[in-house]
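Chemist: For reference, the chains in residue letters:
Protein chains: 2
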Amino acid sequence: MTVTSTHSEIASFTPYPIKHLPLNLRVGSESLFIVWDNGHESEYHYLWLRDNCHCSECIATLTREQVFEICDVPETIRPLEAYFSEDNRLVIKWDYADHISQYHPGWLYSHCYSESAREAKQWRAKVWDKEAINQTLPTNTYLNILQSDQHLLTWLRDLRDYGIALVTDVDCAPNTLIKVAHRISFIRETNFGTIFNVQAKADANSAAYTDLRLPLHTDLPTRELQPGLQFLHCLINDAEGGESILVDGFKIAEHMREYYPDEFASLSSIPMSFYNKDQHSDYRFRGTAIVVDENHQIVEVRLANFLRGPIDVPAHQTLALYKAYRRFIQLTREERFQFFHRLNSGELIVFDNRRVLHARNAFDLKTGSRHLQGCYIDRDELLSRIRVLERDTLG
Amino acid sequence: MTVTSTHSEIASFTPYPIKHLPLNLRVGSESLFIVWDNGHESEYHYLWLRDNCHCSECIATLTREQVFEICDVPETIRPLEAYFSEDNRLVIKWDYADHISQYHPGWLYSHCYSESAREAKQWRAKVWDKEAINQTLPTNTYLNILQSDQHLLTWLRDLRDYGIALVTDVDCAPNTLIKVAHRISFIRETNFGTIFNVQAKADANSAAYTDLRLPLHTDLPTRELQPGLQFLHCLINDAEGGESILVDGFKIAEHMREYYPDEFASLSSIPMSFYNKDQHSDYRFRGTAIVVDENHQIVEVRLANFLRGPIDVPAHQTLALYKAYRRFIQLTREERFQFFHRLNSGELIVFDNRRVLHARNAFDLKTGSRHLQGCYIDRDELLSRIRVLERDTLG
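Protein chains in written order, with our numbering: chain B, 5 to 399; chain G, 5 to 399.
If you're looking for bench data, these hints aren't it; they were derived computationally from the structure. None of the values given here were measured: they were computed from a predicted structure. Fair warning: there could be bad hints in the mix.
Pairs involving identical chains hold if they fit within one copy or between any two copies, as the list cannot separate such chains.
Said to hold, decoys possible - Result set (EDC-like, lysine to aspartate or glutamate): computed pairs, CA atoms no more than 16 Å apart in a straight line: (1) K327 / E34; (2) K134 / E85; (3) K327 / E73; (4) K125 / E90; (5) K134 / E394; (6) K327 / E79; (7) K125 / D165; (8) K23 / D41; (9) K370 / E228; (10) K327 / E90; (11) K97 / D396; (12) K327 / D76; (13) K205 / E85; (14) K134 / D102.
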């Protein structure tokens, strides 16, 4: 049970500990069936098995990338022989080109694509309203995040699942947020730079850079890929006002799906237009305010009233879209969904900008100053970082 | 006919020259109808019109962003009065909050959302095979691209439409490609850096950094948003082999849709998995190899055999997906679709990495050296840059 996988067995850097042993196999017409010691049955198609051969002819040793291409064998490829080796590997001798493939049982079990196996691997967001997030806001300290991979992993998993997490006791020197960001990956540059300073300024090209109230929104919905994580580090916040309001867009979308199904359907199927207003850039994107994946899970929210372009859909859909959009905005305004937090200096809040809407109350610079620094990192980087950190845990 | 729009009329930096004048209007129950001097009839819903009011109460003067929110007026808002002013503006006095809106006729005509107007605005790719691209490959010189906005605009439009364009006479000093890239925007960083050097190296973490043949692929299909433009600048190419092969993935997809409709349907609806193999990153993405938009247009191709993860779809879809994938790869191997080009030093090729598949023959470092530099810029940046350059042409 402690067989450690090596490259000759698995073309991956992820370890696949053996949790179950194969008991028997059955050779079908298009696929092979394995029953495991927990009673689970897996079906593996021959093309799939041939495609996933881990031998050094099929996988380049240096890069661990596949060299073999599946269209270079007949579609009808079948095993001449299939059996389990003494150390529980599945061994197949193919009827084409005398090729032999071996499959590590830990890898094989964990790549079962039965309905139940696929269901079990499905990630689910932990959605929240005001009450829930006030009890569970994931929080850790700057030093823990910087110094401990284990703390970092826990915090990142929470960030992935709740879409929001706080760091406290952060150094208030400018650009300190880079140190936290780099614990995940490089920063995503935008037309606002890599690090943006949220301060009122005279030549504001975005409402963010004024002292005005900002309604609930996601940042950069004008971009095909909205930035994933948004970091906001508070260096100073002495001015009156300027409180942050955060709302879980997934919660609002789920609420809508339950109570206003027609409006949910409109908002997840009829695209809206988003344009920025700037002398030097003209980003435009057309996409639905709610994005649902193949498993009907809500995976994205896209919304900023002040960055909308004119609605541009067939006339018969126009009013349905307005009705749905108005409902969504009205729901986000309900206090029961709002996490209200005044960012203090030394706090860094990170949230999934494709899920959590954020707003800011107007502030009054006559009463003090306010300086936040922000940056973005994409979801890809967060998920990759979690997987790499998890390799140690699994290995 | 030469009325120039100002901010008080249009909350946009894009000018909207007046091409047609409104002849008459009709007030319906939910929308207003305008007939223009070319006979075209436009329908504008009242909610849409109220939403698009350009007055300084509704739009912040400094940022040109909307302050007004459509859910703050009744869904049943109607005009008390609607007429054309002497300078052909549509003027509406609303039945709520004594608000008055004015609409510039150039802006209004150009935002008509009738079926024919929407159809006319639809972008269409110019797809190509070997013969077509050998005749039409968009090409311009380094100096023209650097010095002339007009040359740049033409070249960028071609790049958008053909998905490929060449720059010649480029300085062969390292990092020169940055100068060309910055004519569009900032560079997209990835785990391979901002500028990557395509040279064989001992500790390769990608097939790109070996001397091996690379099959036709898009770069970074493991990322949710594949990089849009790929730049490849050839500094030196003296080694034998190493020719570039480029294939218009949209052409292959269209060919498939015409001749193998079932396989096209599979490849555009059943997701594949893409994983990278690396010690320090573990990117994974699940998405269809062909992406089709709401208008059935092919908008993206995602494909790299060496970066695929195990197929992970319901058992009944597995073979259909393999069949379709094999067909696609086989088609890309047909010479009639392949643009074959040996990059010479001083050439910079740019292509849409979400459309054009690229491959490289193996090369032999015993016969000489080979050094390319590459970088990425997203599609958003290309399209934004084109729009900003077009403002001058339209203004």
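Chemist: State for each hint whether it applies.
Modeler: How the hints compare with the structure:
1. K327 / E34: between (50 Å within a copy, 13 Å between copies)
2. K134 / E85: neither (60 Å within a copy, 44 Å between copies)
3. K327 / E73: So K327 and E73 pass the 16 Å test across copies only (13 Å; inside, 50 Å).
4. K125 / E90: Close neither inside one copy (29 Å) nor across copies (65 Å); limit 16 Å.
5. K134 / E394: neither (31 Å within a copy, 46 Å between copies)
6. K327 / E79: Between. Shortest inter-copy distance 8 Å satisfies the 16 Å Cα cut-off; intra-copy 51 Å does not.
7. K125 / D165: Only inside one copy: K125 and D165 sit 14 Å apart there, 40 Å across copies, limit 16 Å.
8. K23 / D41: So K23 and D41 pass the 16 Å test inside one copy only (9 Å; across, 75 Å).
9. K370 / E228: Intra 38 Å, inter 44 Å, cutoff 16 Å: neither.
10. K327 / E90: Answer is neither; intra-copy 65 Å and inter-copy 34 Å both fail.
11. K97 / D396: neither (34 Å within a copy, 67 Å between copies)
12. K327 / D76: between (53 Å within a copy, 12 Å between copies)
13. K205 / E85: neither (73 Å within a copy, 40 Å between copies)
14. K134 / D102: neither (63 Å within a copy, 37 Å between copies)
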